[in-house]
Amino acid sequence: MSAIPPTPAVPSAPEAPSASALIEAREVFCHFGPASRRVRAVDGINLTVNPGETLGIVGESGCGKSTMAKLMLGLEKSTGGDMLVNGRSMSTLRGSAYQAYRRDVQAVFQDPYSSLNPRMRIGQTMVEPLDIHGVGTPAERRERAGELLSRIGLPPDSLKRYPHEFSGGQRQRIAIGRALIADPKLIVLDEPISALDVSIRAQMLNLLADLRDEFGTGYVFIAHDLAAVATISDRIAVMYLGRVVEIGPAEAVARSPAHPYTRMLFAAADPSGEAELPRGEPPSPIAPPPGCRFHTRCPFAREACSQSDPPLRSYNGRTVACHFAEDIDTPLIT
Amino acid sequence: MTEMGETNAPLLQIEQLEVSAGASGRKVRILQGVDLALRERETLGVVGESGSGKSTLAAALTRLLGSGLSITGGRMTFAGEDILAMSAKRLQHLRGSEIATILQDPLHSLTPWIKVGLQVAEPAVFHEGLSWRDAKARAVDLMRAAWIPEPEQRMKAYPHEMSGGMRQRAAGAIALCSAPRLLIADEPTTALDPTIQLQYLDLLRNLQRQHGFALILITHDLGVVARNCQRVAVMYGGRIIESGPTKEVMDNPRHPYTRGLLASMPRLATAGRQQKRLTIIPGQPPVPGAAVQGCAFQPRCAERLERCATQRPPVFTPARGRESACWLEENTQ
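Protein chains in written order, with the working numbering: chain Y, 1 to 334; chain E, 1 to 333.
Read the hints as simulated data drawn from the structure, not as lab findings. Predicted model only: the values in this text are computed from it and were never measured. Cβ coordinates follow ideal geometry from the N, Cα and C atoms, glycine included. Hints are not guaranteed to be accurate.
[Stated by the list, open to error] Computed footprint of chain E on chain Y, listed as stretches where at least three residues anywhere in the stretch have a Cβ under 8 Å from a Cβ of chain E:
| hint | region |
| --- | --- |
| 1 | 38 to 45 |
| 2 | 194 to 205 |
| 3 | 228 to 236 |
| 4 | 262 to 269 |
Just chain Y, with the same shape it has in the complex (with noise of 0.2 Å):
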């Protein structure tokens, strides 16, 4: 059986365009380094982020998940493609469009200890984007700091103090309110509990989550621990060497993954299943195997798997990029 199953695609435009996307990514392309060691980092990718919505993205290091990030977040520029935030290409804003683009989309990193300045008094730290903002008047902007305060579960003299007064999971709140202090639209996450202790893991996601519910912003969260990312997203993408091979409802995505790589993610983080051990390692960016770029790890690969470049497709309830994802649908959890 090397034929490939007649399929329903809609090859350039997996997901629906949405007139009310918050950021979409349009066939973008972000690749570094010379032509002779091209590292492709980002290749190729459709993605839309709804504004309220939490999107989820998993894959191993080097998949591209976090240039996904830095791309989102204007840190990094497309070498190909658009982004689009609100409808407008990135690259064309400016000005107070570009302005206010950087105050909907916040950001929070992996290490607490290296994202706040260690000079700079907490309330400084947080009123930081009001300022640059020009949102209200000082004391309005102390005001809103010390509300902020309480709702992300830090002590009210914590404002006078400086970074290394604190734990790395009070550190990691403090990151989470200067993003939220002016008002954005979308928090990008990059990694945001994995530098966190086991015990403290817990109460960040009920954290995020509640604030979430407040405030009604909307999360792209990136990180390692796949079950965290199940839980607190209403989707899944799962990268894999600077694509997007699934994607879809996180329920769907998390017990029924459809894509092989997805089911080896996700067993792999089931500590009860007995998980399908992947072969090998991820091939190397630069020169990413032809055809469908999981087919060296692959246990259900066929012939065809390594001729054409499966497209992304709907698939009982989520998109695919898999040639046989009939052939090998079985519920992980049930």
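Once you've looked at the hints, dock chain E against the given chain Y.
Only chain E this time, still in chain Y's reference frame:
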């Protein structure tokens, strides 16, 4: 009849181990009252958060504590021999030859300017006096056993030419080169991707079956322990607060900390925007060496009793093979 006759004697026995930091006047205890026994070929998981003392325990086993730390009490024996009484020369032989260690970060545990093959072969030359030629032949076999593809070529590679997973497998090959009886793996998979973690743990199990060493797996990840260890010891605030067969501890945790930790883990089965919040342990883990009068977990414990703040709970044995350092166990004895 001391050594050969006692077939049931543990390979490693630790009693009331205490490790302190600082001068005797202002001593702070980093580890206290740690009891542990490990049999030949057994796999023990040691779980704890940062600052719980798990890595200090690993370093204390071969007396490789960092500067400022010293063993201030207790007993440690390896195959019946008192580790604390060993000479510097004997210790050097013990380390790397009888007790080998794999550390978390394979990039830093390999020497960047020495070819990997030489690093894998070195322990056999150093500890067993093999010729370099024989040691290199053994290194190729070990690298093949450690699932390193094309080991003959990789012998000549430098660490930076390998992926993280492959470097960590090379570190495993180094640890096994002198056929140790005990392997201590301190967070061996933390720097690796989840899929590569699984492969690595599978490799360790495989090597353990072939080589028959005992394994102490130190980790913050309960999932890693659940998959790989026969017994588990949970550390908190410098003590072992619960221990027992892994499955029993996972299915029926006794100490409130273990229970809280298991309950707070997000699970795939609850995927989707969460309907109800995760159960949490409030507060933060204690700072290592903080002066604690009673139970170190007591400030975060929902089930604390009055005495918990003042009296340190002893280790109770609520069931066969199970231990829990919690006053709640007093009446179940």
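Results for each hint:
| no. | hint | result |
| --- | --- | --- |
| 1 | 38 to 45 | violated (count 0) |
| 2 | 194 to 205 | holds (count 8) |
| 3 | 228 to 236 | holds (count 6) |
| 4 | 262 to 269 | holds (count 5) |
In this structure, the one hint that does not hold is number 1.
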